[in-house]
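Undergrad: Sequence:
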Amino acid sequence: MNIESKWLEDFLMLAEVRNFSMAADKRNVTQPAFSRRIKALEQTVGAELIDRSKTPIALTPSGRLFRITARTLINQMMDGIGQLSDLSKLGGNNVRVAAAHSLATSLVPLIQSELMTGKHKPILSVEAIDVDDAIEELQEGGCDLLLAFDDELLRLPPYQSLQIGQAELLPVCACDGAGKPLFRITNHKEVPWLAYSPSSYMGRQVEAIRNQVNLQPVFLSSMTDLLKTLALQGLGVAWLPDYAIKQELENGQVAIVGDASLRLPITYYAYRYQARLHPAGEQVWQALRLHAEKQV
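Heads up, the sequence shown is in full-length UniProt numbering, so the first residue is 1 and it goes up one at a time.
Careful: at least some of the hints might be erroneous.
[As the list claims (entries may be wrong)] Mimicking PhoX-like on lysine-lysine, the simulated pairs with C-alpha atoms at most 20 Å apart in a straight line are:
| id | residue 1 | residue 2 |
| --- | --- | --- |
| 1 | Lys26 | Lys6 |
| 2 | Lys228 | Lys180 |
| 3 | Lys180 | Lys246 |
| 4 | Lys294 | Lys246 |
| 5 | Lys54 | Lys39 |
| 6 | Lys246 | Lys228 |
| 7 | Lys26 | Lys39 |
[To be verified] Here are the simulated distance ranges between beta carbons:
| id | residue 1 | residue 2 | range |
| --- | --- | --- | --- |
| 8 | Lys6 | Ser113 | 36 to 42 Å |
| 9 | Leu290 | Ser197 | 30 to 36 Å |
| 10 | Gln247 | Thr55 | 18 to 24 Å |
| 11 | Val108 | Asn19 | 44 to 50 Å |
| 12 | Val17 | Asp259 | 49 to 55 Å |
| 13 | Arg52 | Leu110 | 26 to 32 Å |
| 14 | Asp259 | Met22 | 50 to 56 Å |
| 15 | Leu249 | Ser197 | 20 to 26 Å |
| 16 | Gln253 | Arg52 | 52 to 58 Å |
| 17 | Ser125 | Val29 | 46 to 52 Å |
| 18 | Gln163 | Arg184 | 33 to 39 Å |
No wet-lab data here; the hints were simulated from the structure.
For every residue, glycine included, the Cβ atom is placed at its ideal position computed from N, Cα and C.
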């Protein structure tokens, strides 16, 4: 099989911009020449990678899987060239991670120190986005690894999953000078609610107990850190993951309100395609596996 590296770079650019003209322009070739190179790549791998019937164009299932393979091949080639010429190996060591906002800020720092001592010294390129968008990023082959919450489909082939930990969504609010919560959750009085966007993963979890409490939404966001900031300002009650407010609970800045039935269990995972990643990507996966084993 004879695959030219420029074909792989063409394909990765097309997968990113989803437009033949724009991709050709960015690759500095004419559109007819660019289209021929994409077609040559498809013929060589023996699969249709691009669904041209859609606007903008989309990747086929084979194309989504091949996007991971193409990026891995390019990274390995850059890594090898870097070793031979003693150049920077940033390209070969770069590992693209899509992560739910709260997991990006809480989990990534825990594994970063372990990555500094490994053989390949991966450089994490982390994009913190909404959970549903992060899942789509993995499904489209736009990242090497995904850090997100439980998703049944992503625990089935062609994906590989690793349970990283378990947590709880806790209803909390700020405390007064005496250390007492500013609000109490009862059925008799409305409580100002700093809510997750209804369409977000966290929002769907809280919706399961929505009819048990008397809440008045005063703010909406999909970002845990933003809701946490407003809760600390005493503006209402928010359901926040325990790992995001550990320090605030210990020093009495916030308190858990309501009964135990309002605490919502959540499980979070690392996901990837089953296709082998480049060496730096595999090292990150092993670091996540070691972190998961420590949680048991």
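Undergrad: Against this structure, judge whether each hint is valid.
TA: Structure-based check of all given hints:
1. Straight-line distance between C-alpha atoms of Lys26 and Lys6 comes to about 13 Å, which keeps the hinted pair within the 20 Å bound.
2. The hinted pair formed by Lys228 and Lys180 meets the criterion: a straight-line CA distance of about 18 Å does not exceed 20 Å.
3. For the hint linking Lys180 to Lys246, the alpha-carbon distance of about 17 Å falls within 20 Å, and the restraint holds.
4. A distance of roughly 18 Å separates the Cα atoms of Lys294 and Lys246; the hinted pair therefore holds under the 20 Å criterion.
5. Only pairs whose Cα atoms come within 20 Å are accepted, and Lys54 paired with Lys39 is accepted, the gap being roughly 17 Å.
6. Note on Lys246 and Lys228: the hinted pairing holds, with a Cα-Cα distance of about 12 Å set against a maximum of 20 Å.
7. Restraint check for Lys26 and Lys39: the C-alpha separation of about 18 Å stays at or below 20 Å, so the hint holds.
8. A hinted range of 36 to 42 Å for the beta carbons of Lys6 and Ser113 is consistent with their spacing of about 38 Å.
9. Between Leu290 and Ser197, the C-beta spacing of about 34 Å keeps the proposed range 30 to 36 Å intact.
10. At about 49 Å, the CB distance of Gln247 to Thr55 disagrees with the hint of 18 to 24 Å.
11. Taking 44 to 50 Å as the suggested C-beta distance range, the pair Val108 and Asn19 does not conform, at roughly 32 Å.
12. The hint said 49 to 55 Å for the Cβ distance between Val17 and Asp259, and at roughly 51 Å that hint holds.
13. For the pair Arg52 and Leu110, the supplied restraint of 26 to 32 Å is violated, since their beta-carbon distance comes to about 43 Å.
14. A C-beta distance of roughly 55 Å is found between Asp259 and Met22, which places it inside the suggested range of 50 to 56 Å.
15. Between Leu249 and Ser197 the beta carbons are some 24 Å apart, a value that agrees with the proposed interval 20 to 26 Å.
16. Distance hint check for Gln253 and Arg52: the Cβ-Cβ separation is about 55 Å, which falls inside the suggested range of 52 to 58 Å.
17. Look at Ser125 against Val29: about 26 Å separates their beta carbons, and that is not inside 46 to 52 Å.
18. Checking the proposed 33 to 39 Å range against Gln163 and Arg184 shows it holds: the Cβ atoms sit about 35 Å from each other.
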